[in-house]
Each structure stands twice: as structure tokens, then as C-alpha cells.
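*Asks:* Spelled out from the first residue to the last, the chains are:
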Amino acid sequence: MNEIPSSVLVVDDEIQIRRFLRTGFELDGFTVQEAETGGEALRAATLKPSDLVILDLGLPDMDGADVLERLRAWSSVPLIVLSVRANEAEKVRLLELGADDYVVKPFGMAELLARAHSAMRRQLRAARGEPVVRFGPLAVDFAARAVFISDQRVTLTPKEYRLLQILAQHSGNVVTHQHLLREVWGNEHIDDTHYLRIFVRKLRRKIEADPTQPRILLTELGVGYRLASDPPSPASAAPAAAVTPIGPLAGHEAS
Amino acid sequence: MRRELRGIAIALLLIAVTTAVAMLLRHYLGILRGSVLYLVPVMLAGYYLGVIPALVTAVAGVLLSGYLYFAQLYSFRVASPQEALNLVLYMVVAVVVSHLANAARRQTTIARKREEEMSELYAFSRRLAAAANAAEIFVAIQNHLANLVQRKVVLLGAADAGSTDGVPERLRAEVARIERGEGLGRTVDDGHGNTWLIRRVSPKTPDFGSVAVDLGTAAGEALADMRQRIDDALADAAATLERLDVARALNEAKMRSETELLREALIGSVSHELRTPLSSILGAATILHNAPALARDARLHELTGVVRDEAERLNNDIQNLLDATTISSQQVRPKLQWVEPVDIVNAAIEHRRRRLAGHPLTLELDSNLPIVRADPAQVEQALVQILDNAAKYSAEGAPIRVAARPQGPSVVLSVEDRGAGLSQEEKCQVGGRFFRGARHAATTSGSGLGLWIAHAFISANGGKVDVESDGIGRGATVSIYLPASPDAAAPEGVTQEAVAQKVALREVMPRDVLPQRVMPQDIMPFAATPHIMPAESHIPVESRLPSESLADE
Numbered sequence: 033m034n035e036i037p038s039s040v041l042v043v044d045d046e047i048q049i050r051r052f053l054r055t056g057f058e059l060d061g062f063t064v065q066e067a068e069t070g071g072e073a074l075r076a077a078t079l080k081p082s083d084l085v086i087l088d089l090g091l092p093d094m095d096g097a098d099v100l101e102r103l104r105a106w107s108s109v110p111l112i113v114l115s116v117r118a119n120e121a122e123k124v125r126l127l128e129l130g131a132d133d134y135v136v137k138p139f140g141m142a143e144l145l146a147r148a149h150s151a152m153r154r155q156l157r158a159a160r161g162e163p164v165v166r167f168g169p170l171a172v173d174f175a176a177r178a179v180f181i182s183d184q185r186v187t188l189t190p191k192e193y194r195l196l197q198i199l200a201q202h203s204g205n206v207v208t209h210q211h212l213l214r215e216v217w218g219n220e221h222i223d224d225t226h227y228l229r230i231f232v233r234k235l236r237r238k239i240e241a242d243p244t245q246p247r248i249l250l251t252e253l254g255v256g257y258r259l260a261s262d263p264p265s266p267a268s269a270a271p272a273a274a275v276t277p278i279g280p281l282a283g284h285e286a287s
Numbered sequence: 009m010r011r012e013l014r015g016i017a018i019a020l021l022l023i024a025v026t027t028a029v030a031m032l033l034r035h036y037l038g039i040l041r042g043s044v045l046y047l048v049p050v051m052l053a054g055y056y057l058g059v060i061p062a063l064v065t066a067v068a069g070v071l072l073s074g075y076l077y078f079a080q081l082y083s084f085r086v087a088s089p090q091e092a093l094n095l096v097l098y099m100v101v102a103v104v105v106s107h108l109a110n111a112a113r114r115q116t117t118i119a120r121k122r123e124e125e126m127s128e129l130y131a132f133s134r135r136l137a138a139a140a141n142a143a144e145i146f147v148a149i150q151n152h153l154a155n156l157v158q159r160k161v162v163l164l165g166a167a168d169a170g171s172t173d174g175v176p177e178r179l180r181a182e183v184a185r186i187e188r189g190e191g192l193g194r195t196v197d198d199g200h201g202n203t204w205l206i207r208r209v210s211p212k213t214p215d216f217g218s219v220a221v222d223l224g225t226a227a228g229e230a231l232a233d234m235r236q237r238i239d240d241a242l243a244d245a246a247a248t249l250e251r252l253d254v255a256r257a258l259n260e261a262k263m264r265s266e267t268e269l270l271r272e273a274l275i276g277s278v279s280h281e282l283r284t285p286l287s288s289i290l291g292a293a294t295i296l297h298n299a300p301a302l303a304r305d306a307r308l309h310e311l312t313g314v315v316r317d318e319a320e321r322l323n324n325d326i327q328n329l330l331d332a333t334t335i336s337s338q339q340v341r342p343k344l345q346w347v348e349p350v351d352i353v354n355a356a357i358e359h360r361r362r363r364l365a366g367h368p369l370t371l372e373l374d375s376n377l378p379i380v381r382a383d384p385a386q387v388e389q390a391l392v393q394i395l396d397n398a399a400k401y402s403a404e405g406a407p408i409r410v411a412a413r414p415q416g417p418s419v420v421l422s423v424e425d426r427g428a429g430l431s432q433e434e435k436c437q438v439g440g441r442f443f444r445g446a447r448h449a450a451t452t453s454g455s456g457l458g459l460w461i462a463h464a465f466i467s468a469n470g471g472k473v474d475v476e477s478d479g480i481g482r483g484a485t486v487s488i489y490l491p492a493s494p495d496a497a498a499p500e501g502v503t504q505e506a507v508a509q510k511v512a513l514r515e516v517m518p519r520d521v522l523p524q525r526v527m528p529q530d531i532m533p534f535a536a537t538p539h540i541m542p543a544e545s546h547i548p549v550e551s552r553l554p555s556e557s558l559a560d561e
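Chains as they are written, first to last, in our numbering: chain A, 33 to 287; chain B, 9 to 561.
Bound-form chain B, shown alone (with noise of 0.2 Å):
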């Protein structure tokens, strides 16, 4: 009713003002015929005021351009039925201009409204579809229905996923009871004089969870109008959750983290399930191994011997089976530290060192290689399943000759063994999950787990590996590819924030060139691909250490 008063009060201001415009320009330029002038604001009252304005600024226009275009000036008579005509024709087109441009208006608001509830819900959806758990999910759904009723908006997940953060104290009870499905909804005073809302987003769908609305300090009829208003939001936005397969969405984001955690709590298990008993054994081998008691009978004392080693086996396979649990679920996250490389050697053949007993090893170790930024027990781990290999596919007293040296901007580690090499077939496949070579099926056992285990080891680091074989039966070359780094040290000038941020910067790469989860099918023929390494000119470290800092007093 105000807004209806308003907008006639309006629709005569409008009139008064093209009254004044028809007197100026009768005034100064003698335009006699100006009545038509009058369905301009007709116009205007229809588009933005509606139906009733537009009528009243009808007649009162039919009625002043009466009085001042009409026979007698200034005067409400009207003198021949032509004039006559011209007015009720006047009214006529006033009457339907102005519910045209009413319509017109109507129009485009509900076109504009729909694009953008649209969009919003198109949004929406692309949330849900990028969202990749229950709980981006929720985050989805809540700011959907904020949107939607332009007030704070807190979402209680059904489950777990939601929170009662940002819920006031008070008002957590009554959340509690309507989450346990008891009522669909009621409001609530938070002790500050605000009102909350709280009901379930969907009556049919308990997943989608329950909903607080802040409806603010709103009270009697303005309180009922805002709830009738979110009730109908909340209508809309579960019928959107219902069409967009929402529950089922939830359910598997809900089973998806389940499943990721029951795989930790397997390694978890694993890890120690199977170790501990492994502990037992092989401490109580060892001792077996070196008791006096027992190394006089050589067969007894062999036999001890033969437990350790197998216990020591089992116990290099758990770890295998643990690193490709980690592996697939790209939770391999490098250690960076600046490491010795021929340390990283020295460590994997000492841990390698009974398995690696029956060949002659040769070590052609640089003593002069650049330090390098890596993961030492990640690359340890990737050089140990070489040696294995290399031990492994080699007949026993085949010599194994590990190498370490500089080559262009990288720190390359290798192994050379004289076994049963690699057909060009085999070397493309090799660095796949569970790769075996048929040839070995039979004879060798192993999980074909080893190269790959290395290969995402060493991709994590920054670097790669390769495989060169001269063909079968001729032995194999694996070498690791590290990134060597050329800012091992602060160069003078190089304020220590400058390396900081450097180093930074390198702690972030090597997680983007992450292996994504490597399946059977992602076998990567690294043989094939050609060394890149990032262009960075090698200089030895030594040569420019910052003096004042290494330098002794």
C-alpha cells in the first residue's frame, strides 16, 4: 500500500515536471500540439512505478493536456468532438503503453533473476563436481544456500564433515536434536537478541545435513515473511541437491576417505605387525649366529645363518611393499637436505652388503662430485632395489661395478652388472609396476616391484633413472640422474634470504614433477627418453664457498 502511494506520488511529480516542460516550449518556441508529450511519463510510471501509477499519470495527463493544448486555453472544457476523440484516443494508448512497459519491465526482471540464479546454480554444480571430499562438499552446499537467502548460513553435516563453529553455544543443543531427526525445524534465541533458524536442508534426504540461519534481530511479521523466504530457498536448493545426485556424491566422498584411511591404518599395521615379530627373529639369529655353542658345528652354524639372511629378506620385502603403498598414494613427499652422493652409495651397498657378498664389487667413486639437494633416504632406498636387482639377474661371482661421477648438470649413480640384461622390449617395460621379465618368471623370484619403487623415488627427487642393456644375457646399466646443484653455497654478494628463497624454491619443484598414481599402464619407457635435466652450468662447489663463513679464523 506505501509503495503504491509512493509510486503515485512519483507518477505526479513526473506529470508536474512535463507540465512545466509543454509550458517552456509552448513559451519559447510556440509548440501548440504538445499532448503527446504526456505519454512519456505514462511510459516511465508503467516501466518503473506499475499498473495503478501509470493509470493515475494517465488521466491526470488526459486532464492537463485538456487545459493546455485544447481549444480554449488554460481551461478543463473541451470545445469539438475531434478534440474529444484526440482525448479518449490519448487515454487508449496511455492505458496500453503503459501496461506494455509494466509487462516489458516484469519481463526482464524474472529473465535477469533467472540468469543469474543460472549461473549460481551452475556454480554450484561445478563446485560440487570439483569438490573432492564430503567436506568440500558441505563448504559447497553452504555457500550455495547463503547466496541463495543472503544471510550467515552455517551447514551441519549429517555425518562428521560439517562443524557447530560459528553456531553460538546456545544453540547447539537444539542443532543436536534436530541432526538426531527429531523435528524438521524451529527457531531459536541465541541470548543476543538474534533469532537463528535451524531445520533440516532436506526432510527426505537426512546426508544433506541441517542448516542454521542467522535471521538476525527480525521479530512478528517481518520474522515470519524472512522464514516463509528461506523455507522456500531451502525447498529449491534440496530439490538442486536431489537432481545433482548430491547423496550419492557424499557417500563416496565419505567412502573414498574411509578407504584412505584404512590403507594408513594398514601400513600402520603392517609396519608393525610384521616387524616386531622380524625384530625377534632376527635379533635371536644373530645371537644364534655367533654363539660359540652353536659355530662349532658348521651345519648348525650355517643354518643360523640361513634364518638371518631369509629373516633380512623378509624384512627389505615388508619395506618394498610399504614403499608402493606410499607410492600409489602419492604420498612419497622428499626430505630435501644437501647430501655427500658418495654417501648415499656407501650407505646402499652397506645395507645391500650380505646380499651383494657373492660378486665382486668394484667402486669407482669421484671424490670431487658435487654435493647435491635430494632425499638421502628416498635415493638410498631407489639405489638399494638397483643393487638388488643387479644381484639378483646376475650369476653368482658376475662382478657389479657401481660408479659415481659428475656428467653435465648432473650427479649420475650406476650400476653395472654382467647378468642377464634386457631385450629392447624388456627395457621399455622395465620401469612398470610389477614388471617382471618372463624369462625370470620361473627361476628368479621377486615382486618386480624394485625398479619401480626406484624410478618414483628418483622422479620425486627431480631426477630419473635409465636403463641401458646391450641385449640379452649381456648385463644392464641403471644409472640415477640427480639434479646436481650449482647453489649448493651462498656466492659472494648473495645475501643468505637470496639462498634461502632459492632453496625454497627447489623444495617446491621436485613435488611437481611427482609421478601422478603410477598404474600398470602408465609404464614408463625412461630408457627411451632422452636425459633433461634443468640447464644449470656445474661448477664445483668448492670454488665458491663464501670465504668469510667457511674460511677458518
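With the rest of the complex left out, here is chain A (with noise of 0.2 Å):
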């Protein structure tokens, strides 16, 4: 689907893995790079940068935060962790310390896919300086402040356009409540997670055909929001990508 093919660092010290994340990598078009320690992972990352890294948490090496830590010093390069442990607080972490989203092990590869593109785009974004992002029928123009839901203008108070903005930069990848909260009401509020939910509901009622099955801001329970990214392509399609259909659910799983 990329023209020039992408390049992704699989950082992660079990073989099969690494030989499961190639085979995903290659059939949507990457070139594939693997380290199987942090220290390697560092030297790759120096030597022969990617446009992506996948980088898992348990090395036998060094912690996987360290290394995030030590390549954000340096490298904006788009990064996602993998991590087996299911914990709130510790994706919180990491997502402060710079990786652009995290996936759960087991996981299926077309999650894993569409949370690589959306960090990706971030940066391409980011670098071409894009005035107007889509997501499904929402449409954020940066340059003009405003938002519209299937080419209707939406109106929306500052505190609400902010939110949505903050979203938007971050093109599909989830963005944290203490990240949220600090860039919209400000440091002192950055415990006030209600705060952030009802606003959301508000939102939520000005852009979602039903706010109770968001479709475009969607939640990263315990975690922060995410904006729906973009359908993913008939090849990388998988129902792990798609979202919740409402009411009766069709009969057998199609793919």
C-alpha cells in the first residue's frame, strides 16, 4: 500500500514472535529489521533508522521503558510497545514516555497494523503540516478551527474544539486523560477525570450518529481516548479492526 516500502525495528527476544511479526510486516509491505535485545535495538535504531519500531517490554537485557526512554531522547520515530501485562497504569507510563500506542499480547496482526499507520501518519502529518485530517466522516481543519461530521459544520465551544484537535493530531492513536487534561484545562486539573468524561459525552452527542456506540471518539478503558483511524484497506482488513456493530450482530463472522 506504501509506495516506497516502509522500514519497521521488531525489538522482541522470543523467536517466534519476531518470525510472526516479520511474515505480518512483509505481506503489508514493510522491510523488516529485527533485534532481539535492547542494546541491539539502540545500535539498529542508530545505525539504520526505520519509519517504524515495535518494541516489546520484556527484553533480557533492559527494561523496555529504558530503552523507549533512551531512543525518545534522540528519535521521534513512530513506536509501538508490545506488552503482555494488562496493566493500566504501566500503558499510562509509557504512553507519557513517548511510544505512540501499545497493543496487549496475544494480538492479532490487523490491530497491531492499523495502530502502526495511525502512528505513522501522525508523523508524516506532522511533517507536511496537513491543515485538514479525516477520520471516517469527521473532518478537523487545524488551519480554518473547525470540525465537520459528513461535510456538515459542527459547532463547537473552544474547550470541546481543543479536545477534539488534541485527538486529531494524534491521527488514531490513543492519547492519555492526564495528557488530555493538561492540554485542555491545564496542569492543576490533571486528577479530574470526570471532568473529561462528561465533556466527552458532549462531544460525543455533537459527533457521533449515537453516543452510545461511539464510532469516531472512541475509549481506551483506563487508559485515555482514541480517534477512530480511518477504515482499514480491503488488505489488512480483520474484524480485531473493525468496531462494535449496534444491535443484532450478523450472523456468522465475515472477513
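Keep in mind that a hint or two might mislead.
[To be verified] Derived coverage of chain A by chain B (criterion: at least 3 residues anywhere in the stretch with Cβ under 8 Å from a Cβ of chain B; other residues may be distant):
no.	region
1	43 to 50
2	55 to 67
3	129 to 140
4	239 to 252
[Claimed, not checked] Taking lysine to any residue pairs in the SDA-like style, the calculated list, with each CA pair at most 20 Å apart, reads:
no.	chain 1	residue 1	chain 2	residue 2
5	B	K343	A	E122
6	B	K343	A	V124
7	A	K234	B	S375
8	B	K343	A	I222
9	B	K343	A	N119
10	A	K238	B	N376
[Unchecked claim] If you want a taste of the chain B side facing chain A, the calculated C-beta under 10 Å gives, among others:
no.	residue
11	R283
12	I295
13	V347
Think of the hints as simulated: they come from the structure by calculation, not from any bench. No residue lacks a Cβ here, since even glycine has one placed at the ideal position from N, Cα and C.
Since each chain comes alone in its own frame, lean on the hints to assemble the complex.
*Replies:* So, in C-alpha cells, the structure goes:
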């Protein structure tokens, strides 16, 4: 799907995981570089910078969080963390350390690819300075500070716009509660998650067809919010990337 | 020797005071026969000062009363045999009284000391009984010894329970030597002029560890004396420890903490060792399932789907086992935060999307529910268990209805199915660990952990789970009740601190309602209990938002 093949650095000490990640990414058009340890990863990232890093947290030589911190000291490469620990506090910590997103093991390849493409798009947009970003029916025009749903302009209050703008800038990657609270309300309200809950509810009423079944502004339970990624291209389409259907579910799962 | 001289001096002083009183009485009141007065100092001396001062008092008393009261005043001559007899009788009475007084005194002292020792021993044994681990037992032993010898005492555990904190650097080597069992004890200078005695608490049982006692700056004879006292106290303490079977208590405590460690290690390793290969299997299966080459053959495509779904199921089963372990070891610690209830429902459904695929799903989610304060991951996991059950116990194609609505002071998340339903009896047992309806044992796989996990997680979050069924074959409705939080936003006039305090209190609350170690025998008939929720009125959150902080500029 990319004209120039993107490159990805896969950092994991388990050979089987590297093997399936290699296949998955190669099928999606990436060229793959592997690293087994944190040290190797840092070397590889310096010598042959890639367009994307997939970083496992349980490395034999150093903590994945350390690798992330050291890498972030000089590189803004899109980075997705693989974690076996379904621990919300840790996810938040890694995101605050500069990870673009995380995937909890075990995961489906489609889920990882969706996260990866979002992270790379974010990078690309930041570089190009795109004035308008689209997420399905939602369009955010940064220049005009305007928001459209299916090309209909939606009136938002300044705080609502700010919230949506931050999410849009993260281009489908998760944004933590703390980050949103800090950016919209300021440092002193960093723990007032209830502000956020109520604001998101208001915002959903304005942009979602059914606020109880959000399709655009999605919740990452216990971590933060994200805007839905663009519908995946047919090549990487998989059930894991689709959103929950409302009402009667389609009889058997289709792919 | 010095003590006795002091006693005699005080005795003579007592006699002098008595004589002065006797002379005053005679002079002002004309009392001529006051020799009995001299029994008073004898008694006092006997009680407080001991036998010899009492005897001295008696002799001095005889002489003085003879001088003051008999025949020829102010002379030491005895005039008649009657007077001589009186004096002898006085002497005898004085000796006997002083002896009795002294004996009484000694017995009181002994009784008081014994009482103190008994209460100290009782307190010690109580502390031992209450001690949950080896470290607490060591603290109890240390305090007991410190009380006995009245010096600073540092107990050094034989194993790893004690620490050498509080022992000067220079003593460590000696301590290590004693702990290795080389010698039973010795005194060491700590370099600051203080002498420390280091020795094993019990020569017989090394488990009691060794002890370092600060002897202060004492030297020579005083040091030997103090050392003797401490050795005696330690011998007593060791005997007490033997009697109270502390050795066994220590071993048990050690074993308990080892079991705990083993459990944690097991959780960690299961989670890692099982999930890592599972990650490869699931990841590979998702790639195969989407591979165009395989999609052309419907049979192969279906098989890859089976691998993927079963790997997912295995992962869920592992999660359940881990959850169950966490719950049994009472380590469910909710991390409370403000949550949109609808988000929890959507996340749970998303998690079980494939599992629910065979059932038409109806959602009735109130868009204006109060936000709740809960651990979102735990509530979601509970709801996932309930959804799993609904899918598992209803026929393919049978509808499932999921609702989120306010009810009184609660937010209710409910899952209604038209499946196997529950008999009255099953309804009462359904919250128990490993409970599975006998009817399903042969036909449906499962661990019987699901509702038990749901129940434990929701209780930890201050809510409850409720099961309703009209009977066998008539479906069931399982509901999660979560307390709605009326103080979701700071009402005007309430400071942030006040809100923070309230929140802090709330954070403490759910720990108190943690389920105790839930055992099969504690099968909770929670279906039968009425819904008791904190009587807090529910006010729609948005009507009470602080205007200045939430309103747009």
C-alpha cells in the first residue's frame, strides 16, 4: 500500500514472535529489521533508522521502558509498545514516556498494523503540516478551527474543539487522560477525569450518530481516548480492527 | 554494706523523731506511759529497711523508753522487776514485729513482680499469637527481651527475618560469627565506649536468632553483674519461647511467606510462559486467516479461524485463572477512577465480539447515566464473564440483551439471555467458586469460575451482582449494581480539598468490602439478598458541574 516500502524495526527476544511479525509486516509491504535485545535495538536504530519501531517490554538485557526513554532522547520515530502486562497504569506510563501506542499480547496482526499505520500517519502529518485530517465522517480543519461531520459543520465550544484537535493531532493513536486534561484544562486539573468524561459525553452528542455507540471518538478503558482510524484497506481488513456493530449482530462472522 | 549503714542511719533518725514526739506528748499532754510508741519505728524499719535496721531500732527504742518512761525519769536505770519484764516483752515484740513486717514487705514485692512478669508474659504470648509472619514474631521477642533487661536490645534473626539495623558497624562481623554458630556469646566494644553483649537467645534452638544488647558504659564488676542479669533474663526468655512453641510458629510463618512467594512466582511465570507462545500462535493465526492464498479455499480459511478463536479462548481461560488466583490471595485492589458506564459496556462487548457473534445482540444504553467511580478493568472483566455465560448457556441464535440504566442510587449493567435459566436452588449457588449447574456438566465446557470472578471484582468495587431467572429453560438476567457517585463534580462552594477528601474516603471504602478469602463453603446466595446501596441521592451529574471550571471561556 506504500509506494516506497516502509521499514520497521521489530524488537523482541522471542524468535517466534519476531517470525510472525516479520511475515505480517512483509505481507503489508514493509521491510523488516530485527533486534533481540535492548542494546541491539538502540544500535540498530542509530545505524539504520527505520520508519517504525515495534518494541517488546520484556527484554533480557534492559527494561523496555528504558529502551523507549533512551530512544526518545534523540528520535521521534513512530513507536508501538508490545506488552504482556494488561496493566493500565503501565500503559499510561509508557505513553507518557513517548510511545505512540501499545498493543497487549496476545494480539491480532490487523490490530497492530492499524496502530502502526496511525502512528506513521501522525509522523507524516506533523512533517507535512496537513491542514485538514479526516477520520471516517469526521474532518478537522486545523487552519479554520472547524469541525465537519459528513461535510456538515458542527458548532463546538473552544474546549470541545481543543479536545478534538489534540485527538486529531494524534491521528488515531491513543491519548492519555492526563495528557488531555493537561492540554485542555491545565496542570492543576490533571486528576479531574470526571471533567473529561462529561466533556466527551457532550462532544459525542455532537459528532456521533449514536452517542452510546461511538464510532469516531473511542474510549481506551482506563487509559484514554483515540479517534477511530480510517477504515482499513481491504488488504489488511480484519475483524479486530472493525468497531462493534449495534443491534443484532451479523449472524456469522465474516472476514 | 552501704545500704545497711544507710538503713541503720534512717532507723536512728526514726527513733530520734519518735523520742521527740514522745517528749512533746509528755510535756503538753502529760502522757507518762508511751513506751508502746517505740513499736512504730520498729515496724516501719522492719517493713521498709530490713531486719538489721529494725533490730537496731528496737534496741535503741528499749534504751530510750527505759530512759524516758520507767521509774527514774531521764535515767537508764531500771527500778523494779515489773519494769524489767516490760522492757524484755517490748524487746521480744519489737523483734517479732520487725520480722513480720519485713516478711510481709518481701512477699508484696515478690507478688507484684510476679504479677508484672505474668502480664508481660501474657502480652508477649498474645503478640506471638497475633503475629502473622516471622518478622512480627521477632519484633515481639525483641520487645520482650528489652522489657526484661531494660536495655536497648537488637534481635538478629537466624534466617532473614531480622536485620542488623541499629547495631553499630563494628559489631556486624561478631554478629555474623555468632549467627554461624561459632561460640554462644561475648562482649564487644562498639568503638564509642559502649559495650555490647552478643549471644544466641537459646543455646538449643538457633531459630530464635541471636541478640545484641547495649550494656552502656558499665565496666568491671558492674558489667559482670549486668551480664549475669541479662544471661538470666535470656535463659528465662528462651525457656518461655520453648514453652510457647515459638519455634513452630516461626517455621509456620516462614512456610506461609514461602507459599505466598511461590504463588506470586507462579502467577508471573504462568502469565509469561503461557502467553508468549500463545501470542505467536494467535498472531500467526490472524495472518493466516487474512492471507489471500488461504482465503481462496473456504475449508482452510475456516480452519485458520478455528486456530485463532481457540487461541483466544485459551487466553481468556488463562486470564480467568490469573484473576481467580488474585482473588483467592485477597489481592484485588481496585484502582478507582471516574468512568462512563457505557464505555465499560462497549469495551466488554468488543472483547467478546467473536464469542457473541452467534447471538442477536440488543443494546439499551442510557446516554445520560451518572458517571461511576470504579476500576474500569475489573468491572469490564466482570461484565465479560457475564456475557460469556449468557453466550455459553443459550442456544445459537438466541438473543441477548445488554442494558445500562440508572436505578435508585445505582447504575445497573445487566445481561439478559433466553438460555438455560436457573432453578431456585441453582440461583442460590451460582456465585460459588467452581459452581457449575449439574445439567451442563456434560454438555458445556467451563471452569465455573466466571460468576465467582464477577462477584469478587464487583464487591471489591463496592457494588453487587444479582442473578434473576424465571426457572429452568426460561433464561436469566445477571445484573451488576455499581454505586453512582453523587459527588462526581465539585458543587459550588465546595473546595477542591473537600472533594479530594471525599474521594480519598471513597477509595478506602471498597477495600473494606473486599470479599474475604472466598472458599467453596462460602457460596454466596447473593441472588437472595436485597440490594443495599449507600443511601445517596442521585442527581444528574451535569446539573452540578462547577460553572467556572467546566464552562467554556
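*Asks:* List in ascending order the numbers of the hints, as given earlier, that are violated by the structure.
*Replies:* Per hint list: zero violations.
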